[in-house]
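Colleague: Keeping their order, the protein sequence lines are chains E and R. Mapped onto our numbering, the consecutive letters of the first sequence carry residue numbers 1 to 485. Mapped onto our numbering, the consecutive letters of the second sequence carry residue numbers 1 to 122.
Think of the hints as simulated: they come from the structure by calculation, not from any bench. Check each hint, because a few of them may be wrong.
To be verified - Under 7 angstroms between C-beta atoms, here's a sample of chain E residues computed to sit facing chain R: (1) Tyr103; (2) Asp104; (3) Phe106; (4) Thr107; (5) Glu110.
To be verified - Label pairs and their computed distance ranges (CB to CB): (6) E:Glu203 <-> R:Arg28: 45 to 55 angstroms; (7) R:Arg28 <-> E:Glu149: 21 to 31 angstroms; (8) E:Gly84 <-> R:Asp42: 31 to 41 angstroms; (9) E:Glu149 <-> R:Ala46: 37 to 47 angstroms.
Unchecked claim - Far from chain E, some chain R residues (derived; all Cβ distances over 10 angstroms): (10) Gly12; (11) Asn17; (12) Leu38; (13) Ala39; (14) Asp57; (15) Ser59; (16) Ala63; (17) Ala75; (18) Leu95; (19) Asp101; (20) Leu115; (21) Thr116.
Yeah, the Cβ is synthetic: ideal placement off N, Cα and C, and Gly gets one too.
In case you want the letters, here they are:
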Amino acid sequence: MPAESGVRRLSTGIPGLDRILGGGLPALGSYLVRGGPGAGKSTLGLHFLSAGVAAGERCLYITLEESEARIRAQAQERRIALEGVAFLDISPSSDFFAEAQSYDIFTPAEVEREPITQRIVTEVEAYRPQRVFLDPLTQFRYLASDNFEFRRQMISFLRFLVERDATVLFTSEKSESLSDDDLQFMSDGVLELAHEPLGRAIEVRKLRGADFQPGRHALRLDGSGMTVFPRLLPIATKQAADFAQISSGIAGLDALLGGGLERGTVTMISGPSGVGKTSLAMQFMKEAAARGECSLVYSFEEDPALILRRCDAIGIPARAMIAAGHLRLSKIEPLQYAADEFDNRVRAEAETYGARVVMIDSVAGYELCLRGEDLRSRLHGLAKYLQNLGIAVFIINEVEAITGAFRATEARLSYLADNLVFLRYLEIDGRLQKAIGVLKKRLSDFERCLRAFDIDTRGIRVGEPLSGLRGLLMGVPEPRGEMRA
Amino acid sequence: MADAQAAILLVGANARNLDLLEEFFARRQRHCIKADSLARLDAQLAAGSHFALALVDISGFDAAIWPRCQKLHDAQTPLLVISPRQSADLRREGLAHGAHDVLVKPLMMRDLAALTETMLAE
């Protein structure tokens, strides 16, 4: 895969990682994969070699720790094809211990280095691999008498491989007691894997002479091997602006919104629990379906069955929309998803199905995916990515206060929204009523008043502007006549 | 130049150590005879074999190793004693029983090569 600079890129076999690397690893370089135990270093190497074989390249796995049989078994468990990958197994056999081959006359560095070096040189000269995975290179540290010698040997060794037209991936075992700074300096790139209580991640720390997408990106290790979820970058999808207005299908609501909502905008619907936020967004999807468009709903809290039942009750034909391929309803369990993973799922589905409307329900659920990351920047990235695809994005934001002093959002998110629609409860003449209003709309004028809002079996109804009242935003309005001086 | 035909005697209780020393000298075109017990060492001494050099790793042997070192010295065999640790007592014992030098493990190959080549040349 040629990169913009003309340097040939080699796929790592992990599509998400290739995207972060701008197409793959630049050929004829040596790259360090570092991380603690269980971080996925070897799995990454298996993908790298498997991709090489698929591309018709000669691939060599040099193992200094695990046996070939064990590595092949692991690859099989992760369904990574290793047929065609050559192995140079320099790991110690069980005989090493059983036959009491221990010695102390010379240092291991002096005894082991020469035969190991000779085996590698012989194998490389004979096989001429185009991809080499060395796992772990840090084993060579024990074969050097000091750090200076180790550094010299490794620079020479990596150069030996690269000069024979190989692209090299090698691992280091990162620990607090044993630094691998020297390896980072001598490599052309550094891929860092993290396995932390909050989730797994990968970060490209260095890629000499090539652009890459910085930052930490979520990854998953499972029966299919490693999947990397690059963080969404809105700029990567910037398309021609499409701000055509779409109707809600409800005259009163359209009037409130100055004609409707625009495509390619982010609408935050804010309000307390049970007030009708999700149903309001579903109303726009109903209209989208009537135009033959596809909508996606990601529900973090409610089960799709519950949403469908409510839609049945208020005249939104969600089941028919699903059957016609105009609606996809997904339940997201936030604790099973990292934010990058969720974002990439939304991206992939939005692009696959050509979605024109997407609802994230809700902010609180999405926040659970973040494991402490900054909510505003992450939600910004996702919403703007979709917006740049010309999609009308709905973000549902629940506020805890049922009545009382008005707050549109409780997480300083209002800047994200092009349109800020709020629903709230009012107490009028001792009865609880719902109202809808618009606080902000970037692309058109809108009504600066509240309208009555109700949902029943006939669907959503938006009444005339509430006039003759004051204190609406406090939740307990009074007739204007009772205004005090 | 020492007798090119004479072998080097390697004495030690660790078979792997003896193998490594043998490989080390084989790379320098030197034939070695190994003795991994006092009984085998006694057999070599009784046979009156002539050795170009003897290396005795005292690890795993008791004080009975010292009279054998003395016998090697008495037979004009250049002798190097190899000690498992830095010890003034072991060094004194080794030199007192005819050792040219007392080396401490692990040995550096480069240093051992330089030392033995000099001794063999003498």
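Colleague: Hints first: check each against the structure and report whether it holds.
Modeller: Results for each hint:
With a least beta-carbon distance of about 4 angstroms to chain R, the hint placing E:Tyr103 at the interface is held under the 7 angstroms criterion. Of the supplied interface hints, the one on E:Asp104 holds, with its beta-carbon coming within about 5 angstroms of a beta-carbon of chain R, less than 7 angstroms. Against a cut-off of 7 angstroms between C-beta atoms, the interface hint on E:Phe106 holds, since the closest Cβ of chain R lies about 5 angstroms away. Interface hint status for E:Thr107: upheld, as the beta-carbon distance to the closest one in chain R is roughly 5 angstroms, under 7 angstroms.
The restraint placing E:Glu110 at the interface with chain R holds, with a minimum CB-CB distance near 5 angstroms, inside the 7 angstroms limit. The beta-carbon spacing between E:Glu203 and R:Arg28, approximately 51 angstroms, falls within the hinted interval of 45 to 55 angstroms. Here the CB-CB span from R:Arg28 to E:Glu149 is close to 23 angstroms, well matched to the stated 21 to 31 angstroms. Distance hint for E:Gly84 and R:Asp42: a CB-CB separation of about 59 angstroms, inconsistent with the stated range 31 to 41 angstroms.
A C-beta distance of roughly 46 angstroms is found between E:Glu149 and R:Ala46, which places it inside the suggested range of 37 to 47 angstroms. A cut-off of 10 angstroms between C-beta atoms contradicts the statement that R:Gly12 is not in contact with chain E; the least separation is 8 angstroms. Interface exclusion of R:Asn17 from chain E breaks down, the closest Cβ pair being 4 angstroms apart, not more than 10 angstroms. With a minimum CB-CB distance of about 19 angstroms to chain E, R:Leu38 clears the 10 angstroms threshold, and the non-interface call stands.
The beta carbon of R:Ala39 is kept farther than 10 angstroms from every beta carbon of chain E, the shortest such distance being approximately 20 angstroms. With 10 angstroms as the threshold on Cβ separation, the claim that R:Asp57 sits away from chain E is violated: the shortest Cβ distance comes to roughly 7 angstroms. For R:Ser59, the non-interface assignment is contradicted: its Cβ lies about 8 angstroms from the closest Cβ of chain E, within the 10 angstroms cut-off. Non-interface call for R:Ala63 relative to chain E: holds, since the shortest CB-CB distance, roughly 21 angstroms, exceeds 10 angstroms.
The Cβ of R:Ala75 lies farther than 10 angstroms from every Cβ of chain E, with a closest approach of about 24 angstroms, so its non-interface assignment holds. Non-interface call for R:Leu95 relative to chain E: holds, since the shortest CB-CB distance, roughly 21 angstroms, exceeds 10 angstroms. Chain E leaves R:Asp101 outside its interface by the beta-carbon criterion, the shortest separation being 16 angstroms against a cut-off of 10 angstroms. With 10 angstroms as the threshold on Cβ separation, the claim that R:Leu115 sits away from chain E holds: the shortest Cβ distance comes to roughly 14 angstroms.
For R:Thr116, the condition that its CB be more than 10 angstroms from all CB atoms of chain E holds, with the nearest at approximately 13 angstroms.
Checked against the numbered hints given earlier, the structure breaks hints 8, 10, 11, 14, 15 and satisfies all the rest.
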